[in-house]
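Its first residue numbered 8, the sequence shown is counted upward by one per residue in the numbering used here.
Just so you know, the hints here were simulated from the structure itself, not pulled from any lab data.
It cannot be assumed that every hint is accurate.
Label pairs and their in silico Cβ distance ranges [stated by the list, open to error]: (1) Met28 / Ile123: 31 to 39 Å; (2) Asp151 / Lys14: 15 to 23 Å; (3) Asn94 / Asn203: 46 to 54 Å; (4) Asn94 / Gly164: 27 to 35 Å; (5) Asn94 / Gln131: 50 to 58 Å; (6) Arg171 / Asp151: 47 to 55 Å.
With a cut-off of at most 27 Å between alpha-carbon atoms, the simulated DSSO-like pairs for lysine-lysine come out as follows [said to hold, decoys possible]: (7) Lys37 / Lys178; (8) Lys56 / Lys37; (9) Lys56 / Lys128; (10) Lys82 / Lys14; (11) Lys128 / Lys37; (12) Lys14 / Lys178; (13) Lys52 / Lys40; (14) Lys60 / Lys82; (15) Lys96 / Lys82; (16) Lys128 / Lys40; (17) Lys128 / Lys117; (18) Lys82 / Lys64; (19) Lys128 / Lys149; (20) Lys128 / Lys14; (21) Lys178 / Lys128; (22) Lys128 / Lys147; (23) Lys37 / Lys14; (24) Lys56 / Lys40; (25) Lys128 / Lys96; (26) Lys37 / Lys174; (27) Lys56 / Lys14; (28) Lys226 / Lys178; (29) Lys178 / Lys147; (30) Lys52 / Lys82; (31) Lys52 / Lys64; (32) Lys64 / Lys40; (33) Lys128 / Lys226; (34) Lys37 / Lys60; (35) Lys174 / Lys226; (36) Lys149 / Lys117; (37) Lys14 / Lys40.
Idealized CB from N, CA, C, for every residue including glycine.
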Amino acid sequence: MQTQQFKVITFDLDDTLWECMPVIERAELKLRKWLEINFPLITSKYSSKDCIKFREKVSARHPEHAYDFTFLRKKQLYHVALESGYNTKIAQNISDQGFHIFITERSNVKLYDDVIPSFNKLVQHFQLGALTNGNVDLSKTKLDNYFNFSLNAITAGYLKPDYRFFKQACKLATVDASEILHIGDHPIHDINGAKNAGMEAIWLNRNNNVWPDLPRPNKIIYSLSELPNLLLNC
């Protein structure tokens, strides 16, 4: 891997820069408590597991929005409200307010300890970009000022690993794919997706997992603190 060629480093977010599931679980809990207090007909009719199943049904009904987690969650909230006996106006209010409560907490992420020190070094030498399938609001995180650009599945219209997602990242960065190095935790969504689009990719293997039977990444690291050392010899 010729590190001198890179002008841009892009990062996956969930499970790369922070642990995802605790954030989602906390956001789900906050949303449910809000519903219990303000719209108890919903929580008396639907358990947390029921709501997940309902969202899966919504996703199946709207395959054209499979990439848009915001649409799916808001649509789920709207329909569970209707089926719990609320009228359309109240259901729309539940959808809008409920999603705001969810996404605010979903964006209250706890960064891994190696993120800020690594970014402080990298941002002096590279453009940094965020590439995510998720719908986190970066403006509510501590990382917003580090990124030159960001792209999520809603804006792209595609989910990683679709090569068209990564091609849009090239346009945002105004560089060729060969000048971008992508860092992520997911062998398919991040590593294979980026490489299929012509980028090089480093697998951030925080949990010491075994690489699956797939084309290998250009490099494997186990902590983000390894990245500045690798690229800058510092």
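Verification of the hints:
The hinted window of 31 to 39 Å between methionine 28 and isoleucine 123 is violated, with their beta carbons roughly 22 Å apart. The hinted range of 15 to 23 Å is satisfied by aspartate 151 and lysine 14, whose Cβ atoms lie roughly 21 Å apart. Restraint check, asparagine 94 to asparagine 203: a C-beta distance of roughly 48 Å satisfies the suggested window 46 to 54 Å. Our hint of 27 to 35 Å for asparagine 94 and glycine 164 holds, since their Cβ atoms are close to 33 Å apart.
Between asparagine 94 and glutamine 131 the beta carbon distance is about 55 Å. The supplied range of 50 to 58 Å therefore holds. Distance hint check for arginine 171 and aspartate 151: the Cβ-Cβ separation is about 25 Å, which falls outside the suggested range of 47 to 55 Å. At roughly 37 Å between alpha-carbon atoms, lysine 37 and lysine 178 are farther apart than 27 Å, so this suggested pair is violated. For the given pair, lysine 56 sits about 15 Å from lysine 37 by alpha-carbon distance, which is consistent with the 27 Å threshold.
For the hint pairing lysine 56 with lysine 128, the CA-to-CA distance comes to about 43 Å; that exceeds 27 Å, so the pair is violated. Between lysine 82 and lysine 14 the alpha-carbon distance is near 40 Å, which puts this suggested pair outside the 27 Å criterion. Of the pairs offered as hints, the one joining lysine 128 and lysine 37 is violated, with about 36 Å between alpha carbons and a cut-off of 27 Å exceeded. Of the supplied pair hints, the one linking lysine 14 and lysine 178 holds, its CA atoms being roughly 13 Å apart against a limit of 27 Å.
About 14 Å separates the Cα atoms of lysine 52 and lysine 40, which keeps this hinted pair within 27 Å; it holds. Restraint check: the Cα-Cα separation between lysine 60 and lysine 82 comes to about 13 Å, which is no more than 27 Å; the hinted pair holds. Between lysine 96 and lysine 82, the direct Cα distance comes to roughly 14 Å. Compliance with the 27 Å bound is thereby established for this hinted pair. Between lysine 128 and lysine 40 the CA atoms are separated by roughly 41 Å; this puts the pair beyond 27 Å, and the hint is violated.
The suggested pairing of lysine 128 with lysine 117 holds, with an alpha-carbon distance near 20 Å, which does not exceed 27 Å. Taken as a hint, the lysine 82 and lysine 64 pair is honoured in the structure, with Cα atoms around 11 Å apart against an allowance of 27 Å. Between lysine 128 and lysine 149 the CA atoms are separated by roughly 16 Å; this keeps the pair inside 27 Å, and the hint holds. For the hint linking lysine 128 to lysine 14, the alpha-carbon distance of about 14 Å falls within 27 Å, and the restraint holds.
Restraint check for lysine 178 and lysine 128: satisfied, since their Cα atoms lie roughly 25 Å apart, inside the 27 Å limit. A hinted pair counts as satisfied when its Cα atoms are at most 27 Å apart, and lysine 128 with lysine 147 qualifies at roughly 22 Å. Using a Cα cut-off of 27 Å, the hinted pair lysine 37 and lysine 14 is violated, with the two alpha carbons roughly 40 Å apart. Between lysine 56 and lysine 40 the alpha-carbon distance is near 15 Å, which keeps this suggested pair within the 27 Å criterion.
Simply put, lysine 128 and lysine 96 have alpha-carbon atoms about 50 Å apart, too far for the 27 Å limit, and the pair is violated. At roughly 36 Å between alpha-carbon atoms, lysine 37 and lysine 174 are farther apart than 27 Å, so this suggested pair is violated. Annotation: proposed proximity of lysine 56 to lysine 14 is violated, straight-line Cα distance about 45 Å (limit 27 Å). The hinted pair formed by lysine 226 and lysine 178 meets the criterion: a straight-line CA distance of about 25 Å does not exceed 27 Å.
A distance of roughly 25 Å separates the Cα atoms of lysine 178 and lysine 147; the hinted pair therefore holds under the 27 Å criterion. Restraint check: the Cα-Cα separation between lysine 52 and lysine 82 comes to about 17 Å, which is no more than 27 Å; the hinted pair holds. Between lysine 52 and lysine 64 the alpha-carbon distance is near 17 Å, which keeps this suggested pair within the 27 Å criterion. Taking the CA atoms of lysine 64 and lysine 40, the gap is near 23 Å; set against the 27 Å cutoff, the hint holds.
Restraint check for lysine 128 and lysine 226: satisfied, since their Cα atoms lie roughly 19 Å apart, inside the 27 Å limit. With a C-alpha separation of about 19 Å, the suggested pair lysine 37 and lysine 60 falls inside the 27 Å cut-off, and the hint holds. As the CA atoms of lysine 174 and lysine 226 are separated by approximately 21 Å, the hinted pair is consistent with the 27 Å bound. Distance restraint check for lysine 149 and lysine 117: the Cα-Cα separation of roughly 9 Å lies within the 27 Å cut-off, and the hinted pair is therefore satisfied.
With a CA separation close to 45 Å, the supplied pair lysine 14 and lysine 40 exceeds the 27 Å bound.
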